[in-house]
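Colleague: Listed in order, the protein sequences are those of chains A and B. All residue numbers for the first sequence refer to our numbering, where the first residue is 1 and numbers rise by one. All residue numbers for the second sequence refer to our numbering, where the first residue is 1 and numbers rise by one.
If you're looking for bench data, these hints aren't it; they were derived computationally from the structure. Cβ coordinates follow ideal geometry from the N, Cα and C atoms, glycine included. Among the hints, erroneous ones may be present.
Claimed, not checked - Some but not every residue of chain B turned toward chain A, in silico, with C-beta under 10 Å:
1. SER89
2. TRP132
3. VAL133
4. PRO208
5. THR222
6. PRO302
What the hints assert, rightly or not - For lysine to any residue, the following SDA-like pairs were computed, each having C-alpha atoms within a straight-line distance of at most 25 Å:
7. LYS301/A / GLU277/A
8. LYS209/B / VAL99/A
9. LYS88/B / THR283/B
10. LYS148/A / LYS88/B
What the hints assert, rightly or not - Just the calculated beta-carbon pair ranges, DEER-fashion:
11. GLY130/B / ASP86/A: 57 to 65 Å
12. ALA136/B / ASP86/A: 51 to 59 Å
13. VAL51/B / ASP203/A: 21 to 29 Å
14. LYS25/A / GLY130/B: 55 to 63 Å
15. GLY174/A / MET52/B: 36 to 44 Å
16. TRP272/B / ILE37/A: 41 to 49 Å
17. GLY130/B / GLU19/A: 50 to 58 Å
18. MET52/B / ILE37/A: 30 to 38 Å
19. GLY174/A / GLY130/B: 28 to 36 Å
Listed below are the residues making up each chain.
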Amino acid sequence: MSIERKNTAVLKKDKSTNELLLEVKNLKTYYPLKGGILRRTIAVVKAVDDVSFEIRKGETLGLVGESGCGKSTTGRTILRLLEPTDGQIIFDGQDITNVRGTSLRKMRQDFQMVFQDPYASLNPMMMVGHLVSEPIRNYNNKSEKELKQDVLDLLSKVGLPEDAYYKYPHEFSGGQRQRIGIARALALRPKLIIADEPVSALDVSVQSQVLNLLKELQDEFDLTFLFIAHDLSVVKHMSDRIGVMYLGGLVEVAEKDNIYAEPLHPYTQALISAIPEPDPRKKKERIILEGDVPSPIDPPKGCTFHPRCAHAIHECQSVKPILKEVKPGHRVACHLYK
Amino acid sequence: MEPSMPQQTSPGLAESAKPPKSQSPWALARRKFLRNKIAMISLVFLLIVCVMSVLAEPLTMPVEETAKINLTQMSKEPSAEHFFGTDKSGRDVFARTLHGGKTSLLLAFSITSAVIAIGTLVGAAAGFFGGWVDNALMRFTDFMMNFPFLLFVIVLKSIFIESSTGTLIFVISVISWTGTARLVRSKVMAEKENEYIMSAISIGSSSPKIIFKHLLPNVMSTIIVQATITLAAMIVAETALSFLGFGVPINIPTWGNMLQEARSPDVLTSKWWIWIPPAAILTLTILSINFIGEGLKDAFNPKSNR
């Protein structure tokens with residue numbers, strides 16, 4: 001068993017080299033809440049609070065967590081669609097945290113995004129042909145004929161018919177629209193694609209088609225994915241490694257198999273135990289979490305999870321645990337592991 | 001005969017199997033608008049008024065002729081020679097109504113274009129960029145809003161005493177764009193929260209491109225409807241100013257200048273043909289513009305099924 005696992009690990013290393021593509025260090029994204037006549041900052045929403053991780057070339061890092069835990073904000077901050085409050089984003093060896101203006105626009109061709117809502121993320125007034133050619137137009141001076149050929153290639157890559165070129169977004173179903181979104185993200189041949197819950201708005205039957213498309217494209221174009229989702233089975237299908245987020249912080253990062261076989265953080269354990277089991281004869285112990293997710297405006301002191309944690313010890317109430325490696329390649333932010 | 005049947009039907013089947021022609025949101029709105037009877041009647045009426053006004057000279061007489069005072073033809077009732085009769089100075093009312101329409105409509109269309117252009121640019125920039133740009137532009141808009149319309153126009157007209165139609169267009173445009181700017185700003189602010197704007201940023205589109213290719217087409221329906229409202233309002237404004245004597249110079253025929261004659265009780269009570277024609281056409285024109293605006297609003301609204 002252990003030999004087998006080692007083998008798969010070696011295989012993965014072949015696919016995803018050890019070279020880092022993205023390094024996120026202590027990333028923080030805070031939103032000030034302004035109020036009163038003087039528009040003073042009365043509170044700060046800590047949407048992303050001190051998150052660090054890295055993605056190797058060619059791998060897929062899945063990011064899971066409940067809604068509102070800061071997954072999407074993390075993704076958008078990395079792409080510099082939102083301003084980071086603090087921390088560092090290093091992409092392909094280059095610090096992009098403070099790049100601005102034209103140079104930022106130039107860099108955008110290397111990292112793209114697939115959005116969550118296929119209905120809101122496509123301009124309803126634009127023909128699909130124009131939607132897909134827009135990223136190419138932004139960076140290349142190509143003739144209309146070349147552009148059209150490029151777009152038709154992309155459409156066939158994502159499994160859309162040629163006549164989609166002259167249609168408008170409202171003429172497509174959710175899954176097809178998501179394919180348009182993927183074609184758009186793919187148009188510039190980026191190195192990194194951040195997929196922000198790309199299938200959560202789709203029917204279950206369509207979800208797997210889109211997920212498999214993403215996988216095929218990853219192999220074909222050597223893509224690296226940051227895959228954001230709240231559905232654990234979807235993340236399991238897609239990812240090589242998985243990061244679990246809770247209330248703006250990363251609580252556990254590990255290889256996919258490790259995290260499913262041996263979740264360390266109490267929150268991850270609760271999440272994994274909640275995955276529905278298709279075999280009815282198999283008895284499963286579900287960990288039911290008490291209470292709700294606290295507000296990110298006023299997160300609990302110490303470990304943000306301690307009010308809901310069954311294993312909380314005295315230390316959890318006062319000291320914030322930091323993410324540290326407790327096993328090779330398995331990092332967790334919890335006082336129970338030292 | 002029978003074996004040829006399937007052959008005959010197959011091309012028909014292939015035809016129907018073809019995907020329906022692509023439907024741009026604009027085409028959908030246009031179809032809805034064309035089905036709206038009141039709006040279409042209004043559009044036809046407005047077009048007739050516009051065409052007749054533009055063709056005022058070939059249809060009647062040159063504009064210089066309409067200004068000529070003819071003492072032998074004073075206050076004549078409508079006849080075959082003068083369809084709408086003549087006014088107190090013996091000028092042909094029909095010719096003056098057509099020429100007046102030309103001036104009034106030209107004025108209204110010019111002011112509307114300027115107002116919509118300025119208002120859209122200011123509103124879109126303020127709404128899209130936000131922050132200090134928004135603050136600066138909106139405080140400037142508030143400042144411009146503070147000018148009382150009539151007083152401002154009257155004072156400026158008194159300063160530029162040698163004023164022409166052009167001055168009037170300029171003066172009214174400069175202070176009338178504020179409402180449009182605020183409207184466009186609020187629409188743009190709501191629209192830019194959509195994910196497709198973030199998506200446009202992420203694929204590297206520049207800000208002007210995002211404003212003109214993504215935001216404006218999506219708020220265009222609001223802008224078009226606003227344009228019809230402005231157009232109607234500007235015809236009224238021209239009429240009101242001319243009626244008061246602060247509009248277009250009195251020697252140029254406009255609907256407002258013609259209505260001015262109704263200020264005398266004698267004309268108002270016993271010489272109806274002098275003021276009824278311009279008043280009637282004015283009212284109908286404004287009414288039809290409003291119907292068109294209403295029809296456009298309906299056509300652009302995806303929830304209405306008229």
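Colleague: Determine for every hint whether it applies to the structure shown.
Modeller: Evaluated hints:
1. SER89: With a minimum Cβ separation of about 54 Å from chain A (threshold 10 Å), the hint on SER89/B is violated.
2. TRP132: 13 Å, violated
3. VAL133: Result: violated, 15 Å to nearest chain A Cβ.
4. PRO208: Constraint on PRO208/B not satisfied, violated at 12 Å.
5. THR222: 13 Å, violated
6. PRO302: With a minimum Cβ separation of about 9 Å from chain A (threshold 10 Å), the hint on PRO302/B holds.
7. LYS301/A / GLU277/A: 35 Å, violated
8. LYS209/B / VAL99/A: 21 Å, holds
9. LYS88/B / THR283/B: 23 Å, holds
10. LYS148/A / LYS88/B: Outside the cut-off at roughly 68 Å; violated.
11. GLY130/B / ASP86/A: 57 to 65 Å: 23 Å, violated
12. ALA136/B / ASP86/A: 51 to 59 Å: Cβ of ALA136/B to Cβ of ASP86/A: about 29 Å, so the range 51 to 59 Å is violated.
13. VAL51/B / ASP203/A: 21 to 29 Å: 54 Å, violated
14. LYS25/A / GLY130/B: 55 to 63 Å: For GLY130/B against LYS25/A, whose Cβ atoms are near 29 Å apart, the range 55 to 63 Å is violated.
15. GLY174/A / MET52/B: 36 to 44 Å: 52 Å, violated
16. TRP272/B / ILE37/A: 41 to 49 Å: At 59 Å between Cβs, range violated.
17. GLY130/B / GLU19/A: 50 to 58 Å: Violated, at about 39 Å.
18. MET52/B / ILE37/A: 30 to 38 Å: The hinted range 30 to 38 Å is violated for MET52/B and ILE37/A, with Cβ atoms some 57 Å apart.
19. GLY174/A / GLY130/B: 28 to 36 Å: Given about 31 Å between the Cβ atoms, the range holds.
Hint compliance for this structure: hints 1, 2, 3, 4, 5, 7, 10, 11, 12, 13, 14, 15, 16, 17 and 18 are not met, and every other hint is.
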